[in-house]
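S.K.: The residues making up each chain are set out below.
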Amino acid sequence: MSQTGVLDSRTFNLPVDNIDTDQIIPGQFLTTTERDGLGQFCFYSWRFDENGSERASHALKAFNPGRQSVLVAGSNFGCGSSREHAPWALLDFGFKAVISSRFADIFRSNALKNGLLPVKVSEEVAAFLHAHPDHSVQIDIGNNLLTVEGHGKVEFPLDPFSAYCLTRGIDQLEFLLKNESDISRFENRRGA
Amino acid sequence: MSESSQPASTLFEKVWQRHVVREETAATPAILYIDLQLLHEVTSPQAFDELKRRGLKVRRPECCLATIDHSTPTTPPDSQGVRHYNTPEAKAQVDLLQVNCAAQGIPLHGWDSPNRGIVHVMGPELGATQPGMTIVCGDSHTATHGAFGALAFGIGTTEVGHVLATQCLLQSKPETLGIRIDGELQPGVTAKDVILHVIGAIGVDGGTGSVIEYHGSTVRAMSMESRMTLCNMSIECGARAGMVAPDETTFAYLEGRLMSPQGEKWAAAVADWKTLVSDPGAHYDRLVRIDASRIEPNVTWGTNPGMVMAVDDAIPSTDSPANREALEYMQLEAGARLAGEKVDVVFIGSCTNSRMTDLREAAALMKNRRVAAGTRVLVVPGSEATRREAEAEGLDRIFLQAGAEWREPGCSMCLAMNGDSANPGDLVVSTSNRNFKGRQGRGVRTVLASPLTAAASAVTGRVTNPRELMETGT
Numbered sequence: 001m002s003q004t005g006v007l008d009s010r011t012f013n014l015p016v017d018n019i020d021t022d023q024i025i026p027g028q029f030l031t032t033t034e035r036d037g038l039g040q041f042c043f044y045s046w047r048f049d050e051n052g053s054e055r056a057s058h059a060l061k062a063f064n065p066g067r068q069s070v071l072v073a074g075s076n077f078g079c080g081s082s083r084e085h086a087p088w089a090l091l092d093f094g095f096k097a098v099i100s101s102r103f104a105d106i107f108r109s110n111a112l113k114n115g116l117l118p119v120k121v122s123e124e125v126a127a128f129l130h131a132h133p134d135h136s137v138q139i140d141i142g143n144n145l146l147t148v149e150g151h152g153k154v155e156f157p158l159d160p161f162s163a164y165c166l167t168r169g170i171d172q173l174e175f176l177l178k179n180e181s182d183i184s185r186f187e188n189r190r191g192a
Numbered sequence: 193m194s195e196s197s198q199p200a201s202t203l204f205e206k207v208w209q210r211h212v213v214r215e216e217t218a219a220t221p222a223i224l225y226i227d228l229q230l231l232h233e234v235t236s237p238q239a240f241d242e243l244k245r246r247g248l249k250v251r252r253p254e255c256c257l258a259t260i261d262h263s264t265p266t267t268p269p270d271s272q273g274v275r276h277y278n279t280p281e282a283k284a285q286v287d288l289l290q291v292n293c294a295a296q297g298i299p300l301h302g303w304d305s306p307n308r309g310i311v312h313v314m315g316p317e318l319g320a321t322q323p324g325m326t327i328v329c330g331d332s333h334t335a336t337h338g339a340f341g342a343l344a345f346g347i348g349t350t351e352v353g354h355v356l357a358t359q360c361l362l363q364s365k366p367e368t369l370g371i372r373i374d375g376e377l378q379p380g381v382t383a384k385d386v387i388l389h390v391i392g393a394i395g396v397d398g399g400t401g402s403v404i405e406y407h408g409s410t411v412r413a414m415s416m417e418s419r420m421t422l423c424n425m426s427i428e429c430g431a432r433a434g435m436v437a438p439d440e441t442t443f444a445y446l447e448g449r450l451m452s453p454q455g456e457k458w459a460a461a462v463a464d465w466k467t468l469v470s471d472p473g474a475h476y477d478r479l480v481r482i483d484a485s486r487i488e489p490n491v492t493w494g495t496n497p498g499m500v501m502a503v504d505d506a507i508p509s510t511d512s513p514a515n516r517e518a519l520e521y522m523q524l525e526a527g528a529r530l531a532g533e534k535v536d537v538v539f540i541g542s543c544t545n546s547r548m549t550d551l552r553e554a555a556a557l558m559k560n561r562r563v564a565a566g567t568r569v570l571v572v573p574g575s576e577a578t579r580r581e582a583e584a585e586g587l588d589r590i591f592l593q594a595g596a597e598w599r600e601p602g603c604s605m606c607l608a609m610n611g612d613s614a615n616p617g618d619l620v621v622s623t624s625n626r627n628f629k630g631r632q633g634r635g636v637r638t639v640l641a642s643p644l645t646a647a648a649s650a651v652t653g654r655v656t657n658p659r660e661l662m663e664t665g666t
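Chains A and B, in that order, give the protein sequences. With our numbering, letter number 148 in the first sequence gets 148, and the count goes up by one each step, no holes. With our numbering, letter number 364 in the second sequence gets 556, and the count goes up by one each step, no holes.
Okay, chain A solo, but in the shape it has when bound (with noise of 0.2 Å):
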């Protein structure tokens, strides 16, 4: 995400409802210790055969990652194992944001702590962008506004502290690292 918290991009659209993080990257991966790379498995049982094959046709064979770094989902994305490979694949693979008109709680936080935007949208919103793949959009983070080429502009939740943290690049670790003296204070009164 830029400084100006500002994401001009085409959409990708993935129009399936309820996608677990276990498609977002499936468990055989999960025996990394890093976090960068992940990018190779994002999707990996939708775009690789039992081989290891590319599979001759597929939803992400269209993926154009210079161009498309918003990908457009069906509801309920990334419910399942809070696995946070899950959005490091994501960020990997191209996507910067991901529009869907449910995110389940987990996979939105985990996306938070890693520049990836969760953009909650009404379905009828989230229904015009499946009806119009790659499609020009352009997220404003400062001022929760998505504007869709040709339907106008919406707003879209995001707490302040989150919108604030994401386009200074500041990190949630310091701003707990600097309550030391409460969580102290706190200790202390329940005698722990």
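Take the hints with a grain of salt, since some may be wrong.
Listed next, with one range per pair, are the computed distances between beta-carbon atoms [as the list claims (entries may be wrong)]:
| hint | chain 1 | residue 1 | chain 2 | residue 2 | range |
| --- | --- | --- | --- | --- | --- |
| 1 | A | 51 | B | 534 | 22 to 28 Å |
| 2 | B | 444 | A | 145 | 52 to 58 Å |
| 3 | B | 279 | A | 180 | 39 to 45 Å |
| 4 | B | 409 | A | 10 | 51 to 57 Å |
Simulated pairs of lysine-lysine, BS3-like, Cα-Cα distance not exceeding 30 Å [to be verified]:
| hint | chain 1 | residue 1 | chain 2 | residue 2 |
| --- | --- | --- | --- | --- |
| 5 | A | 153 | A | 96 |
| 6 | B | 249 | B | 283 |
| 7 | B | 244 | B | 206 |
| 8 | A | 96 | A | 178 |
| 9 | A | 96 | A | 61 |
| 10 | A | 96 | A | 120 |
| 11 | B | 249 | A | 178 |
| 12 | B | 244 | B | 283 |
| 13 | A | 153 | B | 365 |
| 14 | B | 244 | A | 96 |
| 15 | B | 365 | A | 120 |
| 16 | B | 559 | A | 178 |
| 17 | A | 178 | B | 206 |
| 18 | A | 96 | B | 365 |
| 19 | B | 457 | B | 206 |
| 20 | B | 365 | A | 178 |
Residues of chain A placed beyond 12 Å of chain B at every Cβ, according to the derived structure [as the list claims (entries may be wrong)]:
| hint | residue |
| --- | --- |
| 21 | 7 |
| 22 | 8 |
| 23 | 15 |
| 24 | 22 |
| 25 | 32 |
| 26 | 63 |
| 27 | 66 |
| 28 | 96 |
| 29 | 132 |
| 30 | 138 |
| 31 | 151 |
| 32 | 155 |
| 33 | 161 |
| 34 | 169 |
Bear in mind the hints are in silico, worked out from the structure with no lab data behind them. Quick caveat: nothing in here was measured; it's all calculated off a predicted structure. Don't be surprised by glycine CBs; every beta carbon is placed ideally from N, CA and C.
Once you've looked at the hints, dock chain B against the given chain A.
M.R.: Chain B only, in chain A's frame:
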């Protein structure tokens, strides 16, 4: 209005409020104190790396508890004492957790511990899980611990690092969903069937943004192990956590366990825990009622846990893209019956259903029977303690005599990352928690079910209603 000056609170609100270090503001989320962080090998390495990179130490190593469960083999070591991992990476991941825990002084139940087990089986068995606690783990099934009246939820690896470094998390307060379950369960119906039914009723995203509190006469009558099964799958309807208010059943389970309060501290703890109930008139954002007496043994027919039905029902014929795609993957037809389908593999295990009551139920059904020809059965106890207890009762011999495999504890075929996987196209009746495409191996078709249904299906080699094999006396 109550006479007290305090407004009526839910169990969740009481536990939340006890742990607020800094209240939520318009600009910042709340800082929530975490009493216990459970760790395993898969979701912790990058968090330890982050601490190292910043030169930070673990703030409260004694508030962490680690185990190895996901990447570990469930086959015994060879005659040389060597354990055979699925891949060198799996072994490296386990070795790294041992190094990280030793460096930071974190208690680890590794290969040499008599208490090692699946993280959500081991914590309660040790008495580490207690009412009123906040508990996190880099694992979505952390909701299991809510069975004790703890606020327990899964987090990502970045947050694992936050808790290691500060013992705190930044959290926005979730909503509350009250699920009231009343009525007596029919014979052959277990907590697993109840939670599958609940997920079917409210949908795979019906709990998103919420913490569920389960109450009602059915929940009160459940054992701790059943309550753990119930809370375990809260994430499968999208909920952050599931909770059950502690009661005498909870206290009886915890008394005398290794990490439970001892001596004078025990009575004080129980007195405090008794206050952890929702007040009369406490407000829930939503309420759902379930009639448990009408629940049948349940099985999933599709590719998420909300695609569920009574085992003898016909597969729903609702035509939708999602249903079509699920049925195509499952090689099943709308309107057809799932009962009677050939079963290739049965898996009895996972943090959902690998405890003593689960194993006893399965063993009772398999006793003096044989696993059907052409069906492979894996029974994987949830922990070393469970394994010992099961072997002392002779359950291992019942499974082995029936022709099942009796494995060492671990997550095993629930997510198949340790090499315990089925073959492409296999139909697996599984007591685990997720029937996602490929979860138990490429192209594997998972049917989620209770230990009773799994055991019945093992014996007949077909998806089977356990009542057909049970002497119910009714």
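S.K.: Determine for every hint whether it applies to the structure shown.
M.R.: Structure-based check of all given hints:
Between residue 51/A and residue 534/B the C-beta distance comes to about 25 Å, which sits within the given range of 22 to 28 Å. Distance hint check for residue 444/B and residue 145/A: the Cβ-Cβ separation is about 56 Å, which falls inside the suggested range of 52 to 58 Å. The given range of 39 to 45 Å is respected by residue 279/B and residue 180/A, whose C-beta atoms sit roughly 40 Å from each other. Taking 51 to 57 Å as the suggested C-beta distance range, the pair residue 409/B and residue 10/A conforms, at roughly 55 Å.
Between the alpha carbons of residue 153/A and residue 96/A the distance comes to roughly 19 Å, so the proposed pair stays at or under 30 Å and holds. This hinted pair checks out: residue 249/B and residue 283/B have alpha carbons roughly 25 Å apart, not beyond 30 Å. Between residue 244/B and residue 206/B, the direct Cα distance comes to roughly 35 Å. Violation of the 30 Å bound is thereby established for this hinted pair. Only pairs whose Cα atoms come within 30 Å are accepted, and residue 96/A paired with residue 178/A is accepted, the gap being roughly 29 Å.
Proximity of residue 96/A to residue 61/A is assessed by CA-CA distance (about 18 Å); at most 30 Å being required, the pair is judged to hold. For a cut-off of 30 Å, the pair hint linking residue 96/A to residue 120/A stands: about 14 Å separates their Cα positions. Distance check on the hinted pair: residue 249/B and residue 178/A sit about 15 Å apart at the alpha-carbon level, within 30 Å; holds. Our distance criterion of 30 Å between C-alpha atoms is met by residue 244/B and residue 283/B, whose separation comes to about 21 Å.
A threshold of 30 Å between alpha carbons decides the hint, and for residue 153/A with residue 365/B the separation of about 29 Å falls inside it, so the pair holds. Annotation: proposed proximity of residue 244/B to residue 96/A holds, straight-line Cα distance about 27 Å (limit 30 Å). The suggested pairing of residue 365/B with residue 120/A holds, with an alpha-carbon distance near 19 Å, which does not exceed 30 Å. This hinted pair does not check out: residue 559/B and residue 178/A have alpha carbons roughly 60 Å apart, beyond 30 Å.
This hinted pair checks out: residue 178/A and residue 206/B have alpha carbons roughly 27 Å apart, not beyond 30 Å. Using a Cα cut-off of 30 Å, the hinted pair residue 96/A and residue 365/B holds, with the two alpha carbons roughly 27 Å apart. This hinted pair checks out: residue 457/B and residue 206/B have alpha carbons roughly 21 Å apart, not beyond 30 Å. Between residue 365/B and residue 178/A the alpha-carbon distance is near 21 Å, which keeps this suggested pair within the 30 Å criterion.
The beta carbon of residue 7/A is kept farther than 12 Å from every beta carbon of chain B, the shortest such distance being approximately 21 Å. Against the 12 Å criterion, residue 8/A stays outside the reach of chain B, whose nearest CB is about 27 Å from its own CB. Its closest Cβ contact with chain B, about 8 Å, brings residue 15/A to no more than 12 Å, contrary to its assignment away from the interface. Distance check on residue 22/A: its Cβ comes as close as 4 Å (rounded) to a Cβ of chain B, failing to clear the 12 Å threshold; non-interface status is violated.
Not every CB of chain B is more than 12 Å from the CB of residue 32/A (nearest about 7 Å), against its label as outside the interface. Non-interface call for residue 63/A relative to chain B: holds, since the shortest CB-CB distance, roughly 20 Å, exceeds 12 Å. For residue 66/A, the non-interface assignment is confirmed: its Cβ lies about 27 Å from the closest Cβ of chain B, beyond the 12 Å cut-off. Every CB of chain B lies more than 12 Å from the CB of residue 96/A, the least distance being 18 Å, so the non-interface label holds.
Listed as outside the interface, residue 132/A is consistent with that label: its C-beta sits roughly 18 Å from the nearest C-beta of chain B, beyond the 12 Å cut-off. Residue placement check: residue 138/A keeps its beta carbon more than 12 Å from all beta carbons of chain B (closest about 25 Å). Listed as outside the interface, residue 151/A is consistent with that label: its C-beta sits roughly 23 Å from the nearest C-beta of chain B, beyond the 12 Å cut-off. Non-interface call for residue 155/A relative to chain B: holds, since the shortest CB-CB distance, roughly 17 Å, exceeds 12 Å.
With a closest Cβ-Cβ approach of about 5 Å to chain B, residue 161/A is found to fall inside the 12 Å limit, against its non-interface label. Residue 169/A, annotated as away from the interface, keeps every beta carbon of chain B farther than 12 Å; the closest lies near 15 Å.
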